[in-house]
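Student: If you want the building blocks of each chain, they are given just below.
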Amino acid sequence: MAMTRTARSVRRPPDDKGRRRATDHGAWFLVLPALIPILILSVGPLLYGILLSFTDAQSGRTRPTQWIGALNFTDLLHDTLFWESFRIGLLWAVGVTVPQFLLALGLALLLNEDLRLRWLARTLAIVPWAMPEVVVGVMWRLVYNPDAGILNETLRDLGLGDGRDWLSGLGTALPAVIVVGIWAGLPTTTVALLAGLQNTARELHEAAAVDGAGAWRRFRTVTWPALRPVALSITALNLIWNFNSFALVYVLTSGGPGGRTRLPMLFAYEEAFRYGQFGYAAAMGCVMVAVISILLAVILVGRLKGGDES
Amino acid sequence: MRTSRTARIGQYAALFGYLLFLVFPFLWLLSTAFKPARELGSLHPTWIPEDPTLANFRQAFDEQPLLHAAFNSLIAALGAALIAVLLATPMAYVMARHRTRLARAATGWVVVSQAFPLVLVIIPLFLVLKNLRLINSMPGLIMVYVVWALPFALWMLVGYVRAVPPELEEAAAMDGAGRLRTLVSVTAPLLAPGIVATALFAFVTAWNEFFFALVLLKTPEKQTLPVVLTHFIGAEGVADLGPLAAAAFLATLPSLVVFAVIQRRITGGMLAGAVKN
Chain F
1 MAMTRTARSV RRPPDDKGRR RATDHGAWFL VLPALIPILI LSVGPLLYGI
51 LLSFTDAQSG RTRPTQWIGA LNFTDLLHDT LFWESFRIGL LWAVGVTVPQ
101 FLLALGLALL LNEDLRLRWL ARTLAIVPWA MPEVVVGVMW RLVYNPDAGI
151 LNETLRDLGL GDGRDWLSGL GTALPAVIVV GIWAGLPTTT VALLAGLQNT
201 ARELHEAAAV DGAGAWRRFR TVTWPALRPV ALSITALNLI WNFNSFALVY
251 VLTSGGPGGR TRLPMLFAYE EAFRYGQFGY AAAMGCVMVA VISILLAVIL
301 VGRLKGGDES
Chain B
1 MRTSRTARIG QYAALFGYLL FLVFPFLWLL STAFKPAREL GSLHPTWIPE
51 DPTLANFRQA FDEQPLLHAA FNSLIAALGA ALIAVLLATP MAYVMARHRT
101 RLARAATGWV VVSQAFPLVL VIIPLFLVLK NLRLINSMPG LIMVYVVWAL
151 PFALWMLVGY VRAVPPELEE AAAMDGAGRL RTLVSVTAPL LAPGIVATAL
201 FAFVTAWNEF FFALVLLKTP EKQTLPVVLT HFIGAEGVAD LGPLAAAAFL
251 ATLPSLVVFA VIQRRITGGM LAGAVKN
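Sequence lines, in order, name chains F and B.
FYI, the numbering for the first sequence is 1 to 310, going by full-length UniProt numbering.
FYI, the numbering for the second sequence is 1 to 277, going by full-length UniProt numbering.
Any given hint could turn out to be false.
Straight-line alpha carbon distances no greater than 25 Å define the calculated SDA-like cross-link-like pairs of lysine to any residue that follow [said to hold, decoys possible]:
1) K130/B - I294/F
2) K218/B - W67/F
3) K222/B - E270/F
4) K218/B - R220/F
5) K218/B - P33/F
6) K130/B - P33/F
7) K130/B - L170/F
8) K222/B - P37/F
No lab work stands behind these hints, which were simulated from the structure alone.
Everything numeric in this text was worked out from a predicted model, so none of it was measured.
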């Protein structure tokens with residue numbers, strides 16, 4: 001960064017100082033229109049939300065809200081339903097993110113090859129991205145439908161039994177929604193990885209091939225080091241997005257059967273907007289942020305280390 | 001690159017498998033939407049409706065105020081897209097051109113904002129909007145959508161701004177054009193395709209959004225399409241499959257069309273962001 005600035009000042013010395021001063025004033029003028037709504041509707045509510053978690057705020061109450069210290073958090077500590085939901089949330093987030101990454105990596109590698117009809121494949125591959133989450137949920141309900149669904153019909157055709165009611169089965173509901181989660185997030189991950197792949201130097205790849213390196217070796221020594229930063233970023237984002245996801249599972253199962261798919265977001269939503277426990281739900285949000293921050297920190301540390309190596 | 005014949009066949013087979021997995025649910029939705037009630041009740045559903053009908057579409061429009069909901073969605077998405085781009089373009093410009101502390105803080109926010117669980121944001125937002133009497137109102141929803149669309153809009157736009165050579169702006173400045181003038185008459189035209197792509201992306205994001213709409217819109221006549229779609233699913237999770245599929249298919253069409261238009265630009269924008277960061 002410092003280098004580019006020096007380079008530019010060497011090239012055009014007389015103008016640089018005045019330009020930079022004008023920049024600082026102009027920058028504020030250009031940034032404010034976006035900054036104000038961000039502060040009011042994003043940063044503000046976040047801080048307000050954290051404050052709310054230390055109060056007994058409820059919806060539609062006449063008594064004024066009071067500070068109750070960490071009471072919400074000690075309650076949460078003993079709320080087994082919440083921790084069960086938390087466990088399901090982590091299972092879901094990891095269960096979606098890991099296969100999603102592996103599948104997306106495979107697809108991105110394929111789309112990066114010089115295959116015929118690649119343009120068609122690239123277009124079709126982002127279809128799930130374009131769909132409203134609610135429609136994705138609806139669509140997979142139709143697929144999973146015990147009678148009119150194509151999944152059970154296919155199983156019957158293949159002679160694999162009569163199939164089952166996937167979304168209401170205690171054992172099958174979570175795996176079934178995880179498959180939908182993988183499906184829905186595949187395009188974003190693939191596009192990100194594809195972008196990363198197109199950055200890897202083709203010459204290096206070819207040089208390695210000339211030297212007799214096999215496909216796996218080429219992937220490990222040439223492709224992966226270049227792809228690593230993108231892979232880490234998108235995996236971190238996917239973990240966060242998945243842990244915070246709501247609409248898909250809301251439409252597919254509403255958290256059922258018997259809470260087997262009740263992700264933390266669904267739990268907190270019900271607590272806040274069905275039972276009106278704003279303070280308590282905000283505390284849940286805080287715990288979720290804390291966990292996400294830890295996950296993020298771990299991944300970012302990994303990323304920094306990777307940066308040092310290369 | 002030299003790839004053996006068997007490897008090539010394997011690649012095509014794998015690609016075909018992927019596409020099958022990605023596309024089949026949508027084809028099934030389409031198939032269900034055109035099936036008459038009799039076929040939907042049959043225990044042996046077929047891929048292609050034996051007796052295709054438009055009855056499901058008619059019934060969908062009769063059962064729920066789909067047109068009105070689509071209009072609401074359109075207003076919310078258009079409003080959010082236009083305002084988000086208007087606000088984000090200047091800021092993205094600063095973030096791309098000047099590595100000031102402010103620009104770095106903004107970039108940090110773009111990342112951090114992705115980590116908020118929405119529930120921690122929605123409760124205070126709900127209370128704030130309630131005090132402003134903006135619950136159950138389009139302006140309130142649009143405001144939320146704008147802020148919610150900003151991070152990704154900024155990210156895309158920063159990539160596009162970096163693709164415009166700064167030398168052009170310097171030349172304009174040398175010719176005595178002021179800062180705003182340079183921005184409006186030199187940079188903006190070059191950025192136009194990127195700005196359109198960003199606006200369309202924000203449009204789709206808002207058109208598809210569900211959670212905020214569910215919480216902030218209370219009365220049926222204000223609700224957007226995704227929220228109205230969930231009304232087809234009854235309290236016990238029992239759904240009238242035909243009309244549900246028909247309505248879901250219609251709700252997806254605008255997003256699919258827009259995505260087809262900007263597909264290349266989205267991947268391009270992500271590429272630019274990935275390269276330069």
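Student: Could you run down the list of hints and mark each one as holding or not?
Tutor: Checked hints:
1. K130/B - I294/F: violated, 33 Å
2. K218/B - W67/F: Violated - the C-alpha atoms of W67/F and K218/B are around 29 Å apart, more than 25 Å.
3. K222/B - E270/F: holds, 22 Å
4. K218/B - R220/F: violated, 53 Å
5. K218/B - P33/F: violated, 30 Å
6. K130/B - P33/F: Since the Cα atoms of K130/B and P33/F sit roughly 24 Å apart, the hinted pair holds (cutoff 25 Å).
7. K130/B - L170/F: Distance ~39 Å between K130/B and L170/F Cα, so the pair is violated.
8. K222/B - P37/F: holds, 23 Å
Comparing the model with each numbered hint stated earlier shows that hints 1, 2, 4, 5 and 7 do not hold.
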